[in-house]
Amino acid sequence: MTHTTIEIDSSALESASLEELWMPFTANRAFKRAPRMLVAAKDMHYTTADGRQILDGTAGLWCVNAGHCREQITAAVDSVIEDIRTRPVSAEELERARTKIRSSLYNLADPSTRFGLIDLLAVGAMWENDPRWANRLESGFSKVTPQLIQSTAREYLRPTNRSILLVEPAPAAAPAPATGAKQ
Amino acid sequence: MIRIILSALAGVLAATTPATAQDYPPLPKPGAPKPYQVPASETYTLANGMQVTLIPFGQVPKATVNLRIYAGGLNEAGRNGLSGLTAQMLREGAAGKKGSDLAEEAAAMGGSINLGNGLHETTLGIAALSERTPDAIRLLGDVALHPDFPASELERIRQNTLRSLSVARSQPQTAANAALAASYYGADSPYGRILPTDEQVKSYTLEDIKAFYRANFGAKRARLYVAGQFDPVAVKATIEQVFGGWAAGPERLRVVPTVQPGPRVILVDRPGASQSTLRLAWPSPVAGSPGDVPFEVMDALLGGSFTSRITKNIREDKGYTYSPFSSVDFNPGEGSWTFNADVTSDVTGAALKEVFGEIRRLQTVPVPDSEATGIRTWMSGTYILQNASQGGLIGSLAQIDLLGLPSDWITTYVPKVIAVPNLQIHEAAQQLPLDKMTLVVVGDLAKVEPQLKALPELQGVQFQRVTPF
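Quick note, the sequences are listed as chains A and B, same order.
Taking the numbering used here, the leading residue of the first sequence gets 1, the next gets one more, and so forth.
Taking the numbering used here, the leading residue of the second sequence gets 1, the next gets one more, and so forth.
To be clear, the hints were calculated from the coordinates, so they are not data collected in a lab.
Among the hints, erroneous ones may be present.
Just a sample of chain B residues kept apart from chain A, beta carbon distances all over 10 Å, derived [unchecked claim]:
#: 1; residue: THR45
#: 2; residue: LYS62
#: 3; residue: LYS220
#: 4; residue: VAL235
#: 5; residue: ARG254
#: 6; residue: SER327
#: 7; residue: ALA398
#: 8; residue: GLN464
Restricting the straight-line Cα-Cα distance to at most 27 Å, the calculated cross-link-like pairs of lysine-lysine (DSS-like) are [claimed, not checked]:
#: 9; chain 1: B; residue 1: LYS416; chain 2: B; residue 2: LYS34
#: 10; chain 1: B; residue 1: LYS236; chain 2: A; residue 2: LYS100
#: 11; chain 1: A; residue 1: LYS100; chain 2: B; residue 2: LYS98
#: 12; chain 1: A; residue 1: LYS100; chain 2: B; residue 2: LYS97
Distance windows between CB atoms, simulated [to be verified]:
#: 13; chain 1: A; residue 1: PHE115; chain 2: B; residue 2: SER152; range: 40 to 48 Å
#: 14; chain 1: B; residue 1: GLY118; chain 2: A; residue 2: LEU157; range: 44 to 52 Å
#: 15; chain 1: A; residue 1: GLU138; chain 2: B; residue 2: ALA103; range: 20 to 28 Å
#: 16; chain 1: A; residue 1: ASP83; chain 2: B; residue 2: LEU253; range: 48 to 56 Å
#: 17; chain 1: B; residue 1: SER274; chain 2: A; residue 2: ASN107; range: 35 to 43 Å
#: 18; chain 1: A; residue 1: ILE73; chain 2: B; residue 2: SER152; range: 29 to 37 Å
#: 19; chain 1: A; residue 1: LEU157; chain 2: B; residue 2: SER274; range: 45 to 53 Å
#: 20; chain 1: A; residue 1: CYS63; chain 2: B; residue 2: ALA32; range: 35 to 43 Å
#: 21; chain 1: A; residue 1: ASP43; chain 2: B; residue 2: GLY118; range: 22 to 30 Å
#: 22; chain 1: A; residue 1: PHE115; chain 2: B; residue 2: GLN37; range: 21 to 29 Å
#: 23; chain 1: B; residue 1: PRO368; chain 2: A; residue 2: PHE115; range: 29 to 37 Å
#: 24; chain 1: B; residue 1: GLN241; chain 2: A; residue 2: LEU165; range: 57 to 65 Å
#: 25; chain 1: A; residue 1: GLY60; chain 2: B; residue 2: LEU253; range: 42 to 50 Å
Since the model is a prediction, treat every value here as computed from it, not as a measurement.
Don't be surprised by glycine CBs; every beta carbon is placed ideally from N, CA and C.
Please take these sequences and the hints and turn them into a complete structure.
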């Protein structure tokens, strides 16, 4: 696993030119006058450029934040990935997955409006230069073996192929400058 | 994978949309509706009385299996909620298999077991890969014929039911529906009680559930539909094998509701409510009667479609409400027309004034031909779309059985809609006499009642306050 740490000079962030940036959900003039920059996050807190901790209470109607840089979540994801890399899936698991994906493909191709089928043909025409690509999808599913799943997982889900991006404040964060964005 | 590619496609299409409307050629006129033929189906009856309908249909190798049993709220004999609890328990264990095993079996066929329960029916369904259709029939047979009713699952199902009930009762829309049903059909009618009490749900034992099942589930009350691509020989043999030994059981119970005539205003106080929830109801023609289709076209034009007059007026023009709609609802031997809306408290009276105005306008002024043609075309197109999926077609066939409609109802529906003369649309509106309405308002009555009292249509009508739960 690679941990890439980007060291950020918080004063540079504060003074970074924001003029080119248009933020669609932000009162742009007010923000650019006194930008509040976040430089790190851990668990339920953000850290601002001037070193303050802010509770990340972001949540919506359907989801709530699980926190930042949670070792438990990384470990849980790792264990599932490691399992699929090291243990061949059982014939039953593969058959269930294949049934599910065939069933979804048919649902896509045969709803009452036919738009799903048109979309499939369009995808084949645009990306494969062949609308008949839609007809080959199913035979592709049947060719998947437990060995192919394992070798694919080993090729793409390698620890060395993965980056966890951690944003951490520079060790000696300078106090925030009094002035706003660079003119 | 497929989903990701399709979203990428959507992005490309969005990016290539021309910037101005002037780039488009003029809008083509809608074409005349094309004739619609229902796929041929085969219906037969097993020796025990169970009905079977097979509909070869569709372009992909999937089949929908749907078992409908006339066992629902009508059969509860005052024990509200017992049929729902029984239906929920069916899926929790059957033929010696746990609920999770049943779910896994269904997943291995490419679907899941869907469960429904209402006033008239309990329904079980699954959409499976074609080659698994016989297995899907066996699985539904296990659940419907050999439920284990495991005691270990009852409390969880009961708590889920109590929680859903408590959420439902907190909604003004449920309060309005409950007040309307109790007033319109009578509180003692099974049609008049839409929710059980907590005490009722808490009182039912596993033995009550088993007794309800024994008394109400059986072959004579059951109909099995299979729609899609399937091997008819294998499917028929499996149906006989699975369901042939099912006890005939009781006949279907038929209860035609009696309606309490208006005029009546029913009020439910919800102090501080920022919106008023409205229901306006009248009797309408019985399904399949000569007045039915003209009345349905009238409904679509008045309030039942997004381009309807009431929606254009109080949503698009006045902004009183977000989603007003009307509908025609059928029970065997009975029909009703209901208008529904949630309107801002301050304009409750103003919104009703507009709705009454639209009803009166349709009653007194003939309908322009362009508007009538547009509505007939919209109804024809959406009806064909509704019947173009396996589940949708089964739903329409089940409706024919439930309501006792003629067997060619689906095939003849579109020509009937197209043939409704403009004059009949206008005449159908006269079946909504403003001096015979049932009006339900759930809202902040301190604010709303004076607005209602000021409406000329409500002068002399008795106002009654109720507590629906």
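Results of checking the hints against the structure:
1. Against the 10 Å criterion, THR45(B) stays outside the reach of chain A, whose nearest CB is about 29 Å from its own CB.
2. Residue placement check: LYS62(B) does not keep its beta carbon more than 10 Å from all beta carbons of chain A (closest about 5 Å).
3. Residue placement check: LYS220(B) keeps its beta carbon more than 10 Å from all beta carbons of chain A (closest about 32 Å).
4. Against chain A, the non-interface label of VAL235(B) holds: every CB pair exceeds 10 Å, the least being about 18 Å.
5. Every beta carbon of chain A lies more than 10 Å from that of ARG254(B), the smallest distance being close to 32 Å; the non-interface claim holds.
6. The claim that SER327(B) is not at the interface with chain A holds, since no C-beta of that chain comes within 10 Å of its own (minimum 21 Å).
7. No Cβ of chain A comes within 10 Å of the Cβ of ALA398(B); the nearest lies about 17 Å off, and the non-interface call holds.
8. Its beta-carbon lying about 37 Å from the closest one in chain A, GLN464(B) satisfies the requirement of being farther than 10 Å from that chain.
9. Only pairs whose Cα atoms come within 27 Å are accepted, and LYS416(B) paired with LYS34(B) is accepted, the gap being roughly 13 Å.
10. Between LYS236(B) and LYS100(A) the alpha-carbon distance is near 26 Å, which keeps this suggested pair within the 27 Å criterion.
11. Between LYS100(A) and LYS98(B) the CA atoms are separated by roughly 22 Å; this keeps the pair inside 27 Å, and the hint holds.
12. Among the hinted pairs, LYS100(A) with LYS97(B) is consistent with the structure: their alpha-carbon atoms are about 22 Å apart, no more than 27 Å.
13. Take PHE115(A) and SER152(B): their Cβ atoms lie about 45 Å apart, and the range 40 to 48 Å holds.
14. The supplied range of 44 to 52 Å is met by GLY118(B) and LEU157(A), whose beta-carbon atoms lie about 47 Å from each other.
15. The hinted range of 20 to 28 Å is satisfied by GLU138(A) and ALA103(B), whose Cβ atoms lie roughly 25 Å apart.
16. Taking 48 to 56 Å as the suggested C-beta distance range, the pair ASP83(A) and LEU253(B) conforms, at roughly 54 Å.
17. Distance hint check for SER274(B) and ASN107(A): the Cβ-Cβ separation is about 40 Å, which falls inside the suggested range of 35 to 43 Å.
18. For ILE73(A) paired with SER152(B), a C-beta distance near 33 Å keeps the hint of 29 to 37 Å intact.
19. For the pair LEU157(A) and SER274(B), the supplied restraint of 45 to 53 Å holds, since their beta-carbon distance comes to about 51 Å.
20. Distance hint check for CYS63(A) and ALA32(B): the Cβ-Cβ separation is about 48 Å, which falls outside the suggested range of 35 to 43 Å.
21. With their beta carbons about 47 Å apart, ASP43(A) and GLY118(B) fall outside the hinted range of 22 to 30 Å.
22. For PHE115(A) and GLN37(B), the hinted distance range of 21 to 29 Å is satisfied, since their beta carbons lie about 22 Å from each other.
23. Checked against the given bound of 29 to 37 Å, the beta carbons of PRO368(B) and PHE115(A), roughly 32 Å apart, stay inside it.
24. Look at GLN241(B) against LEU165(A): about 59 Å separates their beta carbons, and that is inside 57 to 65 Å.
25. For the pair GLY60(A) and LEU253(B), the supplied restraint of 42 to 50 Å holds, since their beta-carbon distance comes to about 46 Å.
In terms of the numbered hints stated before, the structure departs from hints 2, 20, 21, listed from lowest to highest.
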